[in-house]
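With the sequences and hints as input, model every part of the structure.
There are 2 protein chains.
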Amino acid sequence: MCPHALIPYKPKNPKTRLSAILSQEEREKFAFAMLEDVVSAAKDAMCTPVIVGTELFDSEMVQVTVTDADLNQSLNEILPTTEQNILIIMADLPLADEASIRRVTSTTKDMAIVPGRGGGTNAIYIRDPKKFHVDYYGASFSKHMKIAQDAGLSVEVIDSFRLHTDIDEDDDFVELLIHGTGKSRAYLEELGFHLETETGRVRVARKR
Amino acid sequence: MCPHALIPYKPKNPKTRLSAILSQEEREKFAFAMLEDVVSAAKDAMCTPVIVGTELFDSEMVQVTVTDADLNQSLNEILPTTEQNILIIMADLPLADEASIRRVTSTTKDMAIVPGRGGGTNAIYIRDPKKFHVDYYGASFSKHMKIAQDAGLSVEVIDSFRLHTDIDEDDDFVELLIHGTGKSRAYLEELGFHLETETGRVRVARKR
Chain A
23 MCPHALIPYK PKNPKTRLSA ILSQEEREKF AFAMLEDVVS AAKDAMCTPV
73 IVGTELFDSE MVQVTVTDAD LNQSLNEILP TTEQNILIIM ADLPLADEAS
123 IRRVTSTTKD MAIVPGRGGG TNAIYIRDPK KFHVDYYGAS FSKHMKIAQD
173 AGLSVEVIDS FRLHTDIDED DDFVELLIHG TGKSRAYLEE LGFHLETETG
223 RVRVARKR
Chain B
23 MCPHALIPYK PKNPKTRLSA ILSQEEREKF AFAMLEDVVS AAKDAMCTPV
73 IVGTELFDSE MVQVTVTDAD LNQSLNEILP TTEQNILIIM ADLPLADEAS
123 IRRVTSTTKD MAIVPGRGGG TNAIYIRDPK KFHVDYYGAS FSKHMKIAQD
173 AGLSVEVIDS FRLHTDIDED DDFVELLIHG TGKSRAYLEE LGFHLETETG
223 RVRVARKR
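Respectively, the protein sequence lines represent chains A and B.
Using the working numbering, the first residue of the first sequence is number 23, and each one after it goes up by one.
Using the working numbering, the first residue of the second sequence is number 23, and each one after it goes up by one.
Hint data in this document are derived by calculation from the structure and do not stem from the laboratory.
A couple of the hints might just be wrong.
Since the list can't tell identical chains apart, any single copy or any two copies may satisfy a pair.
Taking lysine-lysine and the DSSO-like style, the derived pairs with C-alpha atoms no more than 27 Å apart in a straight line are [what the hints assert, rightly or not]:
no.: 1; residue 1: Lys152; residue 2: Lys165
no.: 2; residue 1: Lys205; residue 2: Lys153
no.: 3; residue 1: Lys205; residue 2: Lys165
no.: 4; residue 1: Lys165; residue 2: Lys229
Below you can see the structure in the form of structure tokens.
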């Protein structure tokens, strides 16, 4: 019952909302470090990671290339051909760990969904992928709940801040520096990012 | 084994970081609605809520007044006199529900801690309150983990986005409007707040 974990990944010019504080090269290295953290957690949780991207990159990880850049179209071409249970998990969840992923894949419902920050969807586990299709971007959590309902699929919403916390902006670095233990946290520290506590709030700062 | 749930609460001029978008009266009503949501969830989880504040307010809820405004001093005067297990939970967690609180109070460790956003601590469950003291503000999650370690107490960190999501800023309203089901969500909607989806992100807006 080890599901494949599909991990959409964009190696070139990722995480553009971090452009103000990271160069393109730094963003690419950081995104790859986060991917490695997610892959590591997925393996710990007995999933088989498969990277879904628009181009191959230099890595020993199992990769699938898709001809179209659109995430929804790519995944919706894969799902109907998939015979076994599947996990779709985003590559920007460096706080993912074995326990949180196991909570997702051990649901007793037809599906499990993990909401991301701001209405997104960070992970979907589907027992029978033929019955579901994805609709990412915007308020995708609500859309996915609706798609599941329309398909008659029971859904468990997984209450995990580790899988809820996608890293999109520098404010999110605070969570990674506090709770992260993997390569992406180490890379941020290598770049000089650290926590500063002042007047009751923890902020992130960068040494140059 | 029903623990008391201590809920620190400030009825006058709360949530000042919302001052730009809510009047003082609105902030007071909103803070009270969030408190009601937390109280309701605590009761669902078989806890006995006790509001800890610097002044009594008009309510049938069980209240304890403390002479000093400092949260740490107030709680640290209560803990050594407490004979049974106790939950300390913040009043600004309107996504709290029965399941998430039960995960906290059913820990098999000496304590359970729920990290809040930005390094804070949103809930602490202590089996033997005499052995622990609190140190809120700033990076309190790290401080509480250290205090527990120094006291030789085993700790479970509860991975819950519902209890992780404290509502401090208007950006946080997005989570409340998506995942909330209680009085504080209803009050925000009454004030005209609603979700707007544009270019891939969900934002909050207010009708006037």
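Within, between, both or neither: how does the pair Lys165, Lys229 come out at a Cα-Cα threshold of 27 Å? between (41 Å within a copy, 24 Å between copies)
Reference check for the pair Lys205 and Lys153, CA-CA at most 27 Å: within, between, both, or neither? Neither, since 36 Å and 36 Å both go past 27 Å.
Homo-oligomer pair classification [Lys165, Lys152; C-alpha up to 27 Å]: Cα proximity of Lys152 and Lys165: one copy only (17 Å, versus 48 Å across).
Using 27 Å as the alpha-carbon threshold, which applies to Lys205 and Lys165: within, between, both, or neither? between (32 Å within a copy, 24 Å between copies)
The structure is inconsistent with hint 2 alone, although it conforms to all the rest.
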